[in-house]
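Participant: For reference, the chains in residue letters:
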Amino acid sequence: MITKKRYERPVIKKLESNMPNKFGMRTEYEPVMHIEGAAVKDLIAKYGSPLFVISERRIRKTFQTAKQAFETRYPRVQFAWSYKTNYLNAVCNVFHQEGAWAEVVSGFEYDKAIQNGVPGANIIFNGPDKSEQDLRKAVTNGSLIHIDHLDELYMLQEIAKSTKQRPKVAIRVNMDTGVYPVWDRFGFNFENGQAWDALNKIMFSGTMDLVGLHTHIGTFMLSPNAYAVAASKLTNLAQRLQQKYDHEIKYIDMGGGFASRNTLKGAYLPGVDTNPTIDEFAEAITSALINSDFRPKNPPLLILETGRALIDDAAWLLGSVIANKRLSDGRRSTILDIGVNILFTAFWYAHKITPAQKFTSYTEDTVLYGPLCMNIDVIRDNITLPLLNKGDQVVVHHVGAYNMTQWMQFITLRPKVVMIDMDGKVHVIRNNESLENLLELEVVPSHLSTFEL
Amino acid sequence: MNLKNNIAVSDSGFVFNPASGESFSVNPIGLEMLNLLRQGLSQEEIVTSIEKDFQAEKINIERDFNDFIDMMKQYHLMQNEDE
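Heads up: the protein sequence lines correspond to chains A and B, in order. In terms of the numbering used here, the first sequence opens at residue 72 and continues consecutively. In terms of the numbering used here, the second sequence opens at residue 139 and continues consecutively.
Each hint should be verified, as a subset may be incorrect.
To be verified - Computed list of lysine-lysine pairs in PhoX-like fashion (alpha-carbon distance at most 25 Å, straight line):
hint	chain 1	residue 1	chain 2	residue 2
1	A	K239	A	K368
2	A	K84	B	K142
3	A	K487	A	K155
4	A	K76	B	K142
5	A	K461	B	K196
Stated by the list, open to error - A few chain B positions that, by computed beta-carbon distances, are all more than 12 Å from chain A:
hint	residue
6	N140
7	N144
8	G178
9	L179
10	E182
11	E183
12	E195
13	N218
If you're looking for bench data, these hints aren't it; they were derived computationally from the structure. Cβ coordinates follow ideal geometry from the N, Cα and C atoms, glycine included.
Could you put together the complete structure from these sequences and hints?
Facilitator: As structure tokens, this is what we get:
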């Protein structure tokens, strides 16, 4: 019997000897056929495509590495899991099992943390939108309330008076750390004196316990030194509180915003090679705290709310090729079943995408589109990929942060999320949506219930 | 549907257009199709020949062949119909 040769679609590529083009260097040489021991094709066959896959082992390892980076440099460290980054309960509980508190930014997230079993005193309540009802609940539970604006401060004073309870509060401080843009929309500004003014108001009110100082200087920060500047400015406030009121704050919360291994759009080199490591952030923050003039009797607890750097690299999005097309200028375009509705981060990352089956050394400069009938649905503007065929599978890397919270039900239904546990067992941790799920929320007035065409 | 006469194609898949100075690379299937084109075979004959030797369905080969020819035209490697 004559065995036929393996087929691959024909490709012709112009050889360029000038400057590198916008597609950049080819970096993928090996297919990713397994995730934590589970075959990509088996996962898709069983749970459907697209599919989010989270590794419990990777979460724990990343968390323990981050914890070690800080604990070896500073005596008292506490992590708080940033719910908005990924609030699937299974994910939150892995972090809680590792010892992380909860950091929430809405009443919904607050209730989720309580339902997960996090004690109220271990919940940090951030954000500009806390209703009176939310605040009353947080005060009663002894949660740490980080005040964002004066209206919230005054509301807390009222609650304290009416309930005769002392809210445990901190203020969020925004500041110039030498990076652009300055996140000055949250909290009180350091440089113009707003922050000091708010602290004085709290101390003079006598109705609240000022327990901490909080900042969160930005997101996907690529400069560890900015954190050193921020830590110095917070310790300056702590020192002034000590001098003026003989009041020692219990903690300094440096927020999060540490970069993951992703590559920002427009970056020339891959993030995995260029982004600062967690050790560099830890070194900057702890050195600034230790070397500051602030000398309390007890070193304040250092709280970290980093989300992205702890979860991004622990999740993958599996998908399949729907079709190949040719654009008018000759570029290859490939349509995946992964759209920006579930991969929101495609708007700001050049995600690493790897085929899940063997391929040859031949490649094409490709535009990757999602399945949505919307012009904005672009997963990668420029990527050099091996020759993919309809039905081939791909793996999108570093998708754990924000996608499973910012995703939206738009045109298509949201897919399943599975978690691979420490023993390699696969668990569905969020089911795929169905039409019935969505219709449960809709109400059609009776006069609109029928029509004739 | 003919390749321009002056286009040089090496056995390893290196394609050179002396008129423009541009060079290209093709993968083994592309090379096979180019060689069959140079022999003057029609689209149908080429698709049938590829199907005989490779693991692929005729419909896919035909689709890929058309796409390949479109790219050859884009790179000005094919003769115009009136040449």
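Participant: Is A/K84 within 25 Å of B/K142, Cα to Cα?
Facilitator: 17 Å, holds
Participant: Decide if the proposed pair is consistent with the structure: A/K239 and A/K368, CA atoms, cutoff 25 Å inclusive.
Facilitator: 20 Å, holds
Participant: For a C-alpha distance cap of 25 Å, please report whether A/K487 and A/K155 respect it.
Facilitator: 19 Å, holds
Participant: So is B/N140 really clear of chain A, every C-beta pair being over 12 Å apart?
Facilitator: 16 Å, holds
Participant: Do the alpha carbons of A/K76 and B/K142 lie within 25 Å of each other, as the hint requires?
Facilitator: Distance of about 29 Å is beyond 25 Å: violated.
Participant: Going by Cβ atoms, does B/N144 stay more than 12 Å from chain A at every point?
Facilitator: 17 Å, holds
Participant: Regarding the assertion that B/N218 does not contact chain A, is the least Cβ-Cβ distance greater than 12 Å?
Facilitator: 18 Å, holds
Participant: If we take the beta carbon of B/G178, is the closest beta carbon in chain A still more than 12 Å away?
Facilitator: 18 Å, holds
Participant: B/E182: least C-beta distance to chain A exceeds 12 Å?
Facilitator: Its Cβ never comes within 12 Å of chain A, the nearest being 16 Å, so this holds.
Participant: Against chain A, does B/L179 hold up as non-interface, every C-beta pair farther apart than 12 Å?
Facilitator: Holds: least Cβ distance 15 Å, greater than 12 Å.
Participant: So is B/E183 really clear of chain A, every C-beta pair being over 12 Å apart?
Facilitator: With a cut-off of 12 Å, B/E183 remains clear of chain A, as the shortest Cβ separation is near 16 Å.
Participant: Within a Cα-Cα threshold of 25 Å, do A/K461 and B/K196 meet the stated pairing?
Facilitator: Holds, at about 15 Å.
The structure does not agree with the numbered hints 4 and 12 stated previously, though it agrees with the rest.
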